[in-house]
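Trainee: This is what each chain is made of:
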Amino acid sequence: MPKDSGIGASSKRREDLRFLTGNGKYTDDVNVAGQSHAVFVRSDLAHGRIESIDVTEAEAAPGVLKVFTAKDFEGVGGVPCGWCVTDKHGEPMQEPKHPVLAEGKVRHVGDPYAVVVAETLDQARNAAELIDADITELPAVVNMKDALKDGATKVHDDLTSNLCYDWGFVEENKGAVDEAIRNAHHVTTLELVNNRLIANPMEPRVAVGEYDPWKDEHTLWTTSQNPHVIRLLMGAFVLGIPEHKLRVIAPDVGGGFGTKIFHYAEEAFCTFAAKALKRPVKWTCTRSEAFMSDAHGRDHVSKIELAMDESGKFLALRTDTYANMGAYLSTFAPSVPTWLHGTLMAGNYITPLIYVNVKAVFTNTVPVDAYRGAGRPEATYQLERVVDKAAREMGIDPVELRRRNFINKDQFPYDTPVAVTYDTGDYHATMDKLLEISDRDGFAARKAESAARGKLRGYGVAHYIEACGIAPSNLVGQLGARAGLYESATVRVNATGSISVMTGSHSHGQGHETSFAQVVADMLGIPEEQIDIIHGDTARTPMGMGTYGSRSIAVGGSAMVRATEKIIAKAKKIASHLMEASESDVEFANGQFTVAGTDKSVAWGDVCLAAYVPHNYPLEDIEPGLEETSFYDPANFTYPSGGYCCEVEVDPDTGKVDVVAFSAADDFGNVINPMIVEGQVHGGVAQGIGQAVLENCVYDENGQLLTGSYMDYAMPRAYDVPMFTVDHSCQTPCTHNPLGVKGCGEAGAIGSPPAIVNAVLDALNDFGIDHIDMPLSPQRVWAAMQDAKSGA
Amino acid sequence: MTTITMRVNGKDVSAPAEGNTLLVNFLREDLKLTGTHVGCDTSQCGACVVHVNGVAVKSCTMFAEDAAGAEVSTIEGMANADGSLGTIQQAFQDYHGLQCGFCTPGMVMIAADLLRSNPTPSEQEIRDHLEGNICRCTGYHNIVKAIQAASGQDVSAVAAE
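So the protein sequences, as listed, match chains A and B. Mind the numbering: the first sequence is residues 1 to 792 in this note's numbering, read in order. Mind the numbering: the second sequence is residues 1 to 161 in this note's numbering, read in order.
Isolated chain A (complex conformation) (with noise of 0.2 angstroms):
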């Protein structure tokens, strides 16, 4: 029987109610008494040195207050990078300055050098039209290899050269990897592209700058997933503004992915241009802004090596990977290859030998930096092809190959040999009703029915591991985050027993203020209305680090049940004074104090209100009121795992791919509210599908940016995606959060790209080809079956 409210319970959104009726607050909707507008000019070529720029006559146009370049940031601080990776001879890696506007070159398109800022929007676009910029084209690198060879043109003239970083892990495992791989049975290989790709939430990126300068106070709203990060990295370093004068709002934020956790220039922008101009300063992106100034996502080049011994043992795992950055590091982008990647390596096998070698380059693009999974949909992909592709070389099944490798439910927590310890899993549970949600047993038939139709039918699984709920901050600090991964809650109960909730994590989609409400309605006995759930202002809520990494309710709902925990202690004080009992006999069930053994009560409310009216209260034992914060830091990370499942139909003459079925079993541990974690793992999917066959940010050979546009860039639509068969009863609960929960917030774009893949080379199964890099277009995959069939 499903709940009705509570934990477990699919209750409906509360935010639905604004969001459908028009009157959700997204960051555009903020309009400032006097503001003005900036509009950033932006750098068309890849490379260039900025020999001059003649800002006269736009400074004279109607309307312009200010045109800004680089030299009216002298003095302010670069945009920071949040993660510095150390290579493996232990060195930190090369960390380019990144300025707020182009400094003495611009290094992608879309680099912005200069802005202008003018009473309307249209007065400032057309005097970004009057700019005069002299910039002398440079050859731009645009391939990783190609920018890592001897005398390559640097991106960074201040660098050694466009390497990053030369990252190896373990170490001191290599030596055993490579010797193992020397000596096995069987050695799979697979080189592939984990293709760029652009994270395109609906709503852009829009920021809008105040300054009060008789309290000196700035504010900023800006579309993002951690306000408190924002405030941090720019107030520390960018602008030099301490914390309790800066005033970060996030409200409504229409889609993350990821993109929007990092600070960028424009927010820095409209802060500084705000005090500098004694006006609010609006900037809102526009779509093709979006494209060329957004932090893209994915971008590797791997080899894979998987060594096994006669019966598909797995001995040994070996992976060689390039990493694109970008031009600049954007604010975690070293951390993606490295450890949110070579970190899940080992995914749900036992492989007792594991090296991965990532070379993080530079490069005339965008900065590349987390997208939805971040590092773990690279990892799953490169190992869930190879593992197929093993499969079919060592002629056995590949879910029984899968199966033969699988860590086992009695071996956890399991150690794996890239420092990570998985606390719970059952794969051979997911793997079980993957098989039955998909019906494997009835693919035979379809296959058929489907080529009568003339199509070329292929099933494709494949099974994944994430690490949600970053993390403990100790352990990050080791690996070089710049910041603590805990999250923070305040549950400030009033005086007439309703609650205000305020969170560090911020919700973009994700419905917080519906399933955290539940995780506190559920703990106190009491009606979810009655709860709120504040978040997005560094003003109301105290320091957190946000929501990314599927962690919100992992790291954030386990803040909020020990800040609830403190409350319903502090309430048991109170009721035990009222009742004249025993604390220790104090009972809380229901919203009811009770005493156990006597028919003594007293309700939630009376003992809220004896708490802010303390009449008839311990004085001399405990303070009145009743808020309580919490600041919770994980122990672990969590390890949501499960089976995903794709159907494809191929026509053989288009080469167009169609995905008929997709199937998803998930281990999330724990639920709170199933319809919006189904949700998520819809929306993931439809991603994943999108980054397989669809999507795909192209530059040419000069870094010009192919893609800019939706007219280029192949987002997926409703007829490109089929209905989504999903469950999620396979629950091994996580063991060291107060909740049991994992987070589900990534597992469908993680998950779903090797099953798609590997269902289409299924359903090419006749044609012998064994890969063909993403997205699969109708193109790549009628230019595979004619190279197939010409036997290139």
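One-sided and incomplete, this derived list gives chain B residues near chain A with beta-carbon spacing under 10 angstroms:
no.: 1; residue: Glu18
no.: 2; residue: Asp41
no.: 3; residue: Ala47
no.: 4; residue: Thr74
no.: 5; residue: Phe92
no.: 6; residue: Gly97
no.: 7; residue: Asp128
The hints are simulated quantities; they were obtained by calculation from the structure and are not laboratory data. Glycine included, every Cβ here is placed at the ideal spot set by N, Cα and C.
On the provided structure of chain A, position chain B as indicated by the hints.
Mentor: Just chain B now, with coordinates in the frame of chain A:
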């Protein structure tokens, strides 16, 4: 600058605007109806869909002055007279047809457009009609279910689970 008059959500409104003012900017900035959103600049995303004289229009692709004298409906006019959610809006909430909410106004307006001409659309007809509306959050699954439910059809027949 000329004064443009139109009827929006049943109310006569007028405001001065330049000839190059797009309908979406007239709605958002001059009439302060910020429910209609701008998600792209190439008429691809559909976040700005409104109805003009009963026809779904991408309001980023029409000048405000071309809508002078027209009947315009926006997301702000879709609730029932008592303020409760209309049938389509309610179905979107019931079937979790929205996450971040940014594409949602356009989705509700295009769904209303579809159901007016095709009261009981098939799954494929719904997907085809959503061609010009991009959602990045939901994978469309629950949007399709919501529209089918709003049309009074048995949703269990649509859903895979």
